[in-house]
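Mind the numbering: the sequence shown is residues 1 to 178 in UniProt numbering, read in order.
Source of the hints: derived by calculation from the structure; they are not laboratory data.
The C-beta atom is built at its ideal place from N, Cα and C for all residues, glycine as well.
Since no wrong hints were added, every one of them can be taken at face value.
Here are the simulated distance ranges between beta carbons:
id, residue 1, residue 2, range
1, His-133, Arg-101, 15 to 25 Å
2, Glu-135, Arg-69, 52 to 62 Å
3, Gln-72, Gly-121, 17 to 27 Å
4, Gly-104, Ala-76, 33 to 43 Å
5, Arg-69, Gly-102, 41 to 51 Å
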Amino acid sequence: MSAPHGRPQGRQPTNGAAQRRTAVTPSRGGGGRGEGPVNFVQRGFSIVTAIFLIVVLAALGVFAVSMFRVQQTTAALDELGARGYQAAQAGIEWGAWQILRGAGTCAAATGSLALPGSLSGFTATVVCASTTHTEAGNPVTIYRLTATACNQPAAGACPNPAPGPDYVERQVVGAVER
Numbered sequence: 001m002s003a004p005h006g007r008p009q010g011r012q013p014t015n016g017a018a019q020r021r022t023a024v025t026p027s028r029g030g031g032g033r034g035e036g037p038v039n040f041v042q043r044g045f046s047i048v049t050a051i052f053l054i055v056v057l058a059a060l061g062v063f064a065v066s067m068f069r070v071q072q073t074t075a076a077l078d079e080l081g082a083r084g085y086q087a088a089q090a091g092i093e094w095g096a097w098q099i100l101r102g103a104g105t106c107a108a109a110t111g112s113l114a115l116p117g118s119l120s121g122f123t124a125t126v127v128c129a130s131t132t133h134t135e136a137g138n139p140v141t142i143y144r145l146t147a148t149a150c151n152q153p154a155a156g157a158c159p160n161p162a163p164g165p166d167y168v169e170r171q172v173v174g175a176v177e178r
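With these hints in hand, go ahead and build the complete structure from the sequences.
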């Protein structure tokens, strides 16, 4: 049953990583003494577990990095959207100022303007339409201002028919009575 060197037959280790255990078999004669050592080869799956854990941790790392990238992109586009809205508001205020301080014509309040300061990089295009009404026998002119602001103007005006991937456009409508 045993090989000449104390190993069981048919249980040879296949690689150097196998771990041996030695056991003592009880004697059959009731003397309480073992017959001798018997070698057992233990083959585990710890390398499989380690590879699995490495793959799972790598996948978690890739997921965390991709979520961070999406969050950064979303925050940047959100900030551009807020700046675009403020640029459109600035266009409405510019148009109203042109109408109220000037001769009161839509021609003075129509045009594109590149904005300075924290709104640099944005252009606001203001379009004006006017209608005249009579209220209590007095003529009243209503000026409808539409300001479109964008961060990638086409030929210096908004909107851009062929924008890039980070294009932001906001439109605000306002009215002035004079």
